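Q: Spelled out from the first residue to the last, the chains are:
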Amino acid sequence: MEIVMAIAIGVLTTCGVWLMLRPRTYQVIMGLCLLSYGVNLFIFSAGRLAVDSEPVLVPGVATTLQNYTDPMPQALVLTAIVIGFAMTALFLVVLLAQRGFFGNDHVDGQGDAE
Amino acid sequence: MTAWLLTLIEPLMPHLSIAPILLPLLTASALLFLTERRSRAKAALSLFSAALNLGVAIALFVWTAQSDDRHAYTVYQPGNWDVPFGIVLVLDRLSAMMLVLVSTVGLMSLLYSVARWHKGGVHFHPLFQVQLMGLSGAFLTGDIFNLFVFFEVMLAASYGLLLHGSGPARVKAGLHYLAINLVASSLFLLGAALIYGVTGTLNMADLAAKIPLVSGADRPLLHAGCAILAVAFLAKAAMWPLNAWLVPAYSSASAPSGAVFALLTKVGIYVLLRLSTLLFSPEAGASAGFGSTWLVGGGMLTLAFGAIGMLGSQRPARLAGFAVIVSSGTLMAVVGLGRPEVTAGALYYLPTSTLGIAAFFLLTELMDRSRSSDPGGRGAPEDEEDHLPFALAELDLARGANLDDDEEALIGQPIPASIALLGLAFICCTLLLAGLPPLAGFIGKFAMLSALLALPAGVDVSTIDWLFLGLLITSGLFALIALSRTGIRFFWTPLDRKAPMLSTVEYLPIAVLIGLCAFFTVRAEPLMQYAQRTAQALYEPHGYIRAVLSAQPLPTATNVDRLGLPRTEVPQ
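Which chain is which? The protein sequence lines are B and V, in order. Under the working numbering, think of the first position of the first sequence as 1, with each following residue one higher. Under the working numbering, think of the first position of the second sequence as 1001, with each following residue one higher.
Chain B with its partners taken away, still in its complex shape:
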């Protein structure tokens, strides 16, 4: 499972970085989204990957990480998702304002450079 997770994070981050370096604002926002997905998965995996274990304590089961999954990264990733979502929405608004001012979607507002 580790290898699948690692590949997923790697692919998402690579695509995110590549898109972010593109000259169109829409590509940049997609890049930022993909990058934040990669980062969120990474935070999630920081608490070690476990199958079929839950973060909530069950009576009678020893409270070690062998029996449970770490709840902390899940809480962190939830916060990160919410904040990332809000920031992406804000970026979208600025993107539209930029388009309104310059009449094109180039990140520098310089018209068709491609």
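The set of hints was computed from the structure by calculation and includes no laboratory data. Predicted model, so just to flag it, every value in this text is computed and none were measured. Even for Gly, the Cβ is constructed at its ideal location relative to N, Cα and C. Incorrect hints may have been included.
Example chain V residues on the side facing chain B (calculated, C-beta under 8 Å, incomplete) [as the list claims (entries may be wrong)]: (1) L1163; (2) V1171; (3) K1172; (4) G1174; (5) L1175; (6) L1178; (7) A1179; (8) I1180; (9) A1184; (10) S1186; (11) L1189; (12) A1193; (13) Y1196.
For each label pair, taking beta carbons as the anchor points, the in silico distance ranges come out as [to be verified]: (14) B:F85 <-> V:V1505: 35 to 43 Å; (15) B:F85 <-> V:T1293: 50 to 58 Å; (16) B:A86 <-> V:F1033: 18 to 26 Å; (17) B:L57 <-> V:T1293: 40 to 48 Å; (18) V:R1219 <-> B:N67: 26 to 34 Å; (19) V:E1283 <-> B:I3: 54 to 62 Å; (20) B:E2 <-> V:P1456: 48 to 56 Å; (21) B:G10 <-> V:W1081: 31 to 39 Å; (22) V:G1216 <-> B:A75: 27 to 35 Å; (23) B:M5 <-> V:P1212: 25 to 33 Å; (24) V:Q1529 <-> B:L96: 51 to 59 Å.
Given the structure of chain B, go ahead and fit chain V onto it with the hints provided.
A: Just chain V now, kept in the frame of chain B:
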């Protein structure tokens, strides 16, 4: 005077230490209920809250300035959870000092904005209050993930403030600013996740205690995490080459926003100072002093970049942007040097340079407006227009000029009072930014440099130290050249239009900010002593770690068994 203040604060502690976060938050929520049409009520409420915030910050400052240990660290547990698990707020001398700085600059920028800027777009006051909340939170928190949250609060508000007033220049700079900060936030999260993965904690004091115990195999991973985290802070603190966004963004922002943004880079510096002294202290074993070489090198490159940038800029707002970079570079290098005496000088330099830059940001707008053809306009000057504020052709004699006996033109005319006042403020800002006597900029630099050279007998001053000394002095010279040139062009040239109107509300904040720097000069000795004690405490982090880790939650009905307290102590 401090005695009655202390008796007044005593019953309020430790709860007063969360007030700098709660007060702006509640004010911002209350402001949202007032419609934009009631701008006077909004401004009054916002100003009242900012003034109250300054009062609270000063009270906390006086509290921590006491020399005993009980006052030096105040640990507040907002969720009443045990320490390494719950979020803690830690108030110590450094954070108290930063809180006073934030609330002072905040109040003055707010006062300035009331003249006209707060009507330049919607929701200026709520955004401003949220900005103050984010800044205070970042200075108070003792937890890395909580720091991320306050960073985001602060950044979200700063995006709004940067775009305040709208216009193509601001939207363009805003888009770049947003993109780079979103990437920096991603890096922040990656770094925090790596550190959590290795150590299992994100509490700063707990991290400091755990880092010496990290196994050799895990240490490279920990270092990678810290380095990724540091890149996020360095982007915020404007280290070269991560600072290309700063000058366009800050110089196109409206003046009150620009003045507050001068504080944002200081958050990056604060975090670097806090984390490097806590996590990589000499006790950290193999991690001691991690990254300090990079900080020194990067800081000096940033300093050089900022100084050259100042020399190459014409517009005052851009000069102010580069002055921010110079100040950041200086502080970064000092953090990297990691010597308590030099850091003490830097802690004196930090507030004075921030106050000076904030005053300069406010002043640049008045200067730009006095030359603008549309003095009522709220647009940001375009970057491409970074040209001379007047053409040299204007200096040619007008036809039929009044000539004196030597056939030289009599250009002399009385300087209008408003121009004279602007010029006076400009001279003070120049002295502050270039670090010339008699104002506080000089004392700050002098304190850093004399500490740099004051080594015990037999130890030579290293090449790095000489390089830093040379750069610091040269950057002051460059700042002086650039600012004098701009000053001559703005104030010593004939002005065809009638003298600009100067409103008291706009001039007062500048005068107060500069006056504070004068106060720093007059009261240099006690303030320097405070800075020295702060620096000493930073480099001996035992006190901080012990204070945080020994903090106990208040006994309640739900945690009494876990804490092992007798049931009778539980309040009913």
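Q: State for each hint whether it applies.
A: Comparing the hints with the structure gives:
Taken as an interface hint, L1163 of chain V checks out: its beta carbon lies about 7 Å from the nearest beta carbon of chain B, inside 8 Å. For the restraint placing V1171 of chain V at the interface with chain B, the shortest Cβ-Cβ distance is roughly 5 Å, inside the 8 Å limit, so the hint holds. Evaluation of the K1172 of chain V hint against chain B yields a held restraint, the C-beta minimum of about 5 Å falling below 8 Å. Below 8 Å, beta-carbon pairs count as interface contacts, and G1174 of chain V has one with chain B at about 6 Å; its hint therefore holds.
For L1175 of chain V, the shortest C-beta to C-beta distance to chain B is roughly 5 Å, which falls under 8 Å, so the interface hint holds. Of the supplied interface hints, the one on L1178 of chain V holds, with its beta-carbon coming within about 5 Å of a beta-carbon of chain B, less than 8 Å. Annotation: A1179 of chain V was flagged as interfacial toward chain B, and the flag holds, the nearest CB pair being 6 Å apart, inside 8 Å. A least Cβ separation of about 10 Å between I1180 of chain V and chain B goes past the 8 Å threshold, and the interface hint is therefore violated.
Using the Cβ-Cβ criterion of 8 Å, the hint placing A1184 of chain V at the interface with chain B is not satisfied: the shortest such distance is roughly 11 Å. The criterion of a C-beta within 8 Å of any C-beta in chain B is met by S1186 of chain V, whose closest approach is roughly 5 Å, and the hint holds. Among the interface hints, the one on L1189 of chain V holds; its C-beta lies about 5 Å from the nearest C-beta in chain B, closer than the 8 Å criterion. Checking A1193 of chain V against chain B: minimum C-beta separation of about 4 Å stays under 8 Å; hint holds.
For Y1196 of chain V, the interface hint holds, the least distance from its beta-carbon to any beta-carbon of chain B being 5 Å, beneath 8 Å. F85 of chain B and V1505 of chain V have their C-beta atoms about 39 Å apart, which keeps the hinted 35 to 43 Å range intact. Here the CB-CB span from F85 of chain B to T1293 of chain V is close to 38 Å, at odds with the stated 50 to 58 Å. Our hint of 18 to 26 Å for A86 of chain B and F1033 of chain V holds, since their Cβ atoms are close to 21 Å apart.
Take L57 of chain B and T1293 of chain V: their Cβ atoms lie about 46 Å apart, and the range 40 to 48 Å holds. Taking 26 to 34 Å as the suggested C-beta distance range, the pair R1219 of chain V and N67 of chain B conforms, at roughly 29 Å. The beta-carbon spacing between E1283 of chain V and I3 of chain B, approximately 38 Å, falls outside the hinted interval of 54 to 62 Å. The hinted range of 48 to 56 Å is satisfied by E2 of chain B and P1456 of chain V, whose Cβ atoms lie roughly 53 Å apart.
Between G10 of chain B and W1081 of chain V, the C-beta spacing of about 36 Å keeps the proposed range 31 to 39 Å intact. Checked against the given bound of 27 to 35 Å, the beta carbons of G1216 of chain V and A75 of chain B, roughly 30 Å apart, stay inside it. For the pair M5 of chain B and P1212 of chain V, the supplied restraint of 25 to 33 Å holds, since their beta-carbon distance comes to about 31 Å. Hint check: Q1529 of chain V to L96 of chain B, Cβ distance near 54 Å, so the stated range 51 to 59 Å holds.
Consistency note: the structure conflicts with the earlier hints numbered 8, 9, 15 and 19.
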